[in-house]
Amino acid sequence: MNDIVSQDTLDKKLASVESITEGLGSIGYIASRRIATAIFVAENLSKPILVEGSAGVGKTELALSTAQWLGLPLIRMQCYEGLDESKALYEWKYGKQLLYTQILKDKMGDTLSDTKGLDEAMQRLHGFGDLFFSEQFLEPRPLLKALRQKHGAVLLIDEVDKSDEEFEAFLLEILSAFQVTIPEIGTIEASVPPLVFLTSNNMREMGDALKRRCLHLFIPLPDAKLEQRIVASRVPEIEERLRRQLVAFVQMLREEDLKKLPSISETIDWARVLLLLHADSLDADLVRDTLNVLLKFEQDIAAVERSVAELTRKAKQA
Amino acid sequence: MQQTLENFLRALRAMDVRVSPAEAIDAHCTVDSVGYSDRTLLKDSLCIALAKSEEEVERFDECFDIFFTRDEFRDREEEDESEGLSDAENEMLGEQPLAEMLLGGSETEMAQAMEQAANEAGVANIRFSTQRGLFTRRILDRMGLRDLERLIASLNRQEGDEAAADMAGRLEQGRGYLFEEVRQYIDRQFDLYARNAGEELREEFLAKTNLSSIERRDFDRMHRIVRRMAKKLATRYARRRKHTKRGVLDVRRTLRKSMPHGGIPFETVWKQTKIERPRIVVIVDVSQSVAAAARFLLLFLYSLHEVIATLRAFAFSSHLIEVSDILKERDVEEAIPEILEKIGFRSTDYGRALEDFEDLHMDALDRHTTVIILGDGRSNDTDPRMDLMRQIHDRAKSVIWLNPEPEPFWGTGDSEMHRYRTFCHVAKTCSTVQDLERVVDDVMKTYFRV
Numbered sequence: 001m002n003d004i005v006s007q008d009t010l011d012k013k014l015a016s017v018e019s020i021t022e023g024l025g026s027i028g029y030i031a032s033r034r035i036a037t038a039i040f041v042a043e044n045l046s047k048p049i050l051v052e053g054s055a056g057v058g059k060t061e062l063a064l065s066t067a068q069w070l071g072l073p074l075i076r077m078q079c080y081e082g083l084d085e086s087k088a089l090y091e092w093k094y095g096k097q098l099l100y101t102q103i104l105k106d107k108m109g110d111t112l113s114d115t116k117g118l119d120e121a122m123q124r125l126h127g128f129g130d131l132f133f134s135e136q137f138l139e140p141r142p143l144l145k146a147l148r149q150k151h152g153a154v155l156l157i158d159e160v161d162k163s164d165e166e167f168e169a170f171l172l173e174i175l176s177a178f179q180v181t182i183p184e185i186g187t188i189e190a191s192v193p194p195l196v197f198l199t200s201n202n203m204r205e206m207g208d209a210l211k212r213r214c215l216h217l218f219i220p221l222p223d224a225k226l227e228q229r230i231v232a233s234r235v236p237e238i239e240e241r242l243r244r245q246l247v248a249f250v251q252m253l254r255e256e257d258l259k260k261l262p263s264i265s266e267t268i269d270w271a272r273v274l275l276l277l278h279a280d281s282l283d284a285d286l287v288r289d290t291l292n293v294l295l296k297f298e299q300d301i302a303a304v305e306r307s308v309a310e311l312t313r314k315a316k317q318a
Numbered sequence: 319m320q321q322t323l324e325n326f327l328r329a330l331r332a333m334d335v336r337v338s339p340a341e342a343i344d345a346h347c348t349v350d351s352v353g354y355s356d357r358t359l360l361k362d363s364l365c366i367a368l369a370k371s372e373e374e375v376e377r378f379d380e381c382f383d384i385f386f387t388r389d390e391f392r393d394r395e396e397e398d399e400s401e402g403l404s405d406a407e408n409e410m411l412g413e414q415p416l417a418e419m420l421l422g423g424s425e426t427e428m429a430q431a432m433e434q435a436a437n438e439a440g441v442a443n444i445r446f447s448t449q450r451g452l453f454t455r456r457i458l459d460r461m462g463l464r465d466l467e468r469l470i471a472s473l474n475r476q477e478g479d480e481a482a483a484d485m486a487g488r489l490e491q492g493r494g495y496l497f498e499e500v501r502q503y504i505d506r507q508f509d510l511y512a513r514n515a516g517e518e519l520r521e522e523f524l525a526k527t528n529l530s531s532i533e534r535r536d537f538d539r540m541h542r543i544v545r546r547m548a549k550k551l552a553t554r555y556a557r558r559r560k561h562t563k564r565g566v567l568d569v570r571r572t573l574r575k576s577m578p579h580g581g582i583p584f585e586t587v588w589k590q591t592k593i594e595r596p597r598i599v600v601i602v603d604v605s606q607s608v609a610a611a612a613r614f615l616l617l618f619l620y621s622l623h624e625v626i627a628t629l630r631a632f633a634f635s636s637h638l639i640e641v642s643d644i645l646k647e648r649d650v651e652e653a654i655p656e657i658l659e660k661i662g663f664r665s666t667d668y669g670r671a672l673e674d675f676e677d678l679h680m681d682a683l684d685r686h687t688t689v690i691i692l693g694d695g696r697s698n699d700t701d702p703r704m705d706l707m708r709q710i711h712d713r714a715k716s717v718i719w720l721n722p723e724p725e726p727f728w729g730t731g732d733s734e735m736h737r738y739r740t741f742c743h744v745a746k747t748c749s750t751v752q753d754l755e756r757v758v759d760d761v762m763k764t765y766f767r768v
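Residue numbers (this note's numbering), protein chains in the order written: chain W, 1 to 318; chain Y, 319 to 768.
No lab work stands behind these hints: they were computed from the structure.
Even for Gly, the Cβ is constructed at its ideal location relative to N, Cα and C.
Treat each hint with caution, since some may be false.
[Stated by the list, open to error] Computed far set for chain Y versus chain W, every beta-carbon distance over 12 Å:
#	residue
1	Arg336
2	Thr348
3	Glu374
4	Glu380
5	Gln414
6	Thr426
7	Thr448
8	Asp505
9	Glu585
10	Leu629
11	Glu725
[Claimed, not checked] Capping the alpha-carbon separation at 30 Å, the derived lysine-lysine pairs in DSS-like fashion look like this:
#	chain 1	residue 1	chain 2	residue 2
12	Y	Lys549	W	Lys260
13	Y	Lys660	Y	Lys646
14	Y	Lys589	W	Lys93
15	W	Lys211	Y	Lys763
[Unchecked claim] Distance windows between CB atoms, simulated:
#	chain 1	residue 1	chain 2	residue 2	range
16	Y	Lys589	W	Asp119	37 to 47 Å
17	Y	Ala627	W	Gly207	46 to 56 Å
18	W	Gly207	Y	Arg539	48 to 58 Å
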């Protein structure tokens, strides 16, 4: 994956919406038109994409697939409450700095032994470069790493809604100018702006400043046709008849009044489970036994269990 | 095309999609790179650059569809089928482009002339439905209506000339058609640029209206307003849970952190205050006089659930019951009528209600809990049980009494408000949604002091 990708091939791959759709499709990510357009515009305007949508619709997967398809390194940063810049951007290598001061102390005597008076010693000291805060002692964290990739990268800032407000403010510099400022060193700019994805589950409303700097992509739950294609591409071993039935079943579940609607990842998991059980078509008992793959709440399962027979029958007709 | 995009952005703003100047620049850049030729591509890419939330995407789609199906963008394939004018007729019309257009021009030509006149008249500035007549007039004037009328009049004056009379008839018909077209056009523009302006005005008005005089048909709108206010508060307070007190060093933790570095304190740790989430107990009077206010207070608090740790709600008129469960299971809108049915509309008895509260929940009050009581304090001359009120006051972090009546009415008749007031940290009149917002904001502030 770390092969050097030339800018030309990248440009060619990202030349049009169609080529993006096709390219993502070739590695198993079925992108809707809006998704492909988002990547196209992001590349053209050099802007990050803020991806929203309920859990499991493929937000993170989009970034992973894009990186894989473009052959760019993926740098992922998982956000959580309390994440700060020393974990996201850079940290000083304290141990090394400490060693350095030790060496310095030892050498100092030798170097300065022949100087006369304090002034001259200070003069000589100024002559040495100040290494203490220099890039050699910098430990890059994900964000800095992404900026320093020579041939570009895909940067995934996952679940940015879980981070604190301060952190959001601190992201702004990176997102708008693709640069970071380290007080002791100066500003580090990206040689090639990375393709940035931010994902959010809408735990909290993101600030306007952040939203303004990003393109916004909302991924809805897919319709039956799209979902069938996704399942076909992710679980190719599954037979078409079963695939149609299970997608129809899931689509009907989404009409129900549930606490957590099953999303694409659940559908794919379910397809894998059914495959594992060597099922060739849905039946009520099978569905009842495997319902816990689709639904993650006790109440939801209880609510659906009553109507499983009915739903299965309808799904089989689909 | 620049103007078109500007107008579109304006229409978006009217539809409540916020477009900042920076985003407008983005939009222009986007259009530069995708062009106008592919409609879906244009729509998708503009949507991605401009709409910043799920609701905005919906509104964007709607706006895009209305905007780009206006006349000037309709396919211009149907070309002119009328046969043109004879020389004699041309002579009769003289130099009158509007008249020529009405008689011989194509619809496209008319539409174009209308668009142009509309742009000159600044139709994108339309805000109120009463302005429709004005803008219609302005557009017609710019298209040359006055000359046309003069022409018709002069043609009518030529008595006995049949050709002239015929021409006048045709022109009058054309004028009628033109009126109709322009009127429809203005209606569409009004939809595009001003539909939400009226709505905004209405909402602003409602926020200041007395809660008890809000009519049933406005409830939906009110719910929306309350939800939005609550959301604003929620986002403000949901953010900061931990607060660093810069300047106060946590010596113990700094020393511990310095261990790996041989005792050199590379990392300093500062003292932090943890901010607790509010615990709120609401007691609402649901008798007739206060029911409306109760409804919106409950809605408000329940919309804030993400920032409130625990919320218990009690409702009473003659006796008191806990309604937290009903409110949790159902939407507040549905739950309120059910609660009213259970206990509502009987004569109020504050003393009795406080007794019930003592049995149910008094033990759970502690110094972290805020008690909000909503009621008019009119107890129908029953024992107000001040002792229980004092107990609540002593146990809770604070007691807030909201009274829908204005202050001069407190203590008149059977109102015990002045006596209850002694045991409240805050007693306020609360008659509009704005009052509600202020009060809830104050409560939050006492928890999230930053």
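So, going through the hints one by one against the coordinates:
no., hint, result
1, Arg336, "violated (8 Å)"
2, Thr348, "violated (6 Å)"
3, Glu374, "violated (8 Å)"
4, Glu380, "holds (15 Å)"
5, Gln414, "holds (48 Å)"
6, Thr426, "holds (31 Å)"
7, Thr448, "holds (34 Å)"
8, Asp505, "holds (31 Å)"
9, Glu585, "violated (8 Å)"
10, Leu629, "holds (19 Å)"
11, Glu725, "holds (36 Å)"
12, Y:Lys549 x W:Lys260, "holds (22 Å)"
13, Y:Lys660 x Y:Lys646, "holds (17 Å)"
14, Y:Lys589 x W:Lys93, "holds (25 Å)"
15, W:Lys211 x Y:Lys763, "holds (27 Å)"
16, Y:Lys589 x W:Asp119: 37 to 47 Å, "holds (42 Å)"
17, Y:Ala627 x W:Gly207: 46 to 56 Å, "violated (24 Å)"
18, W:Gly207 x Y:Arg539: 48 to 58 Å, "violated (28 Å)"
Checked against the numbered hints listed earlier, the structure breaks hints 1, 2, 3, 9, 17, 18; every other hint is satisfied.
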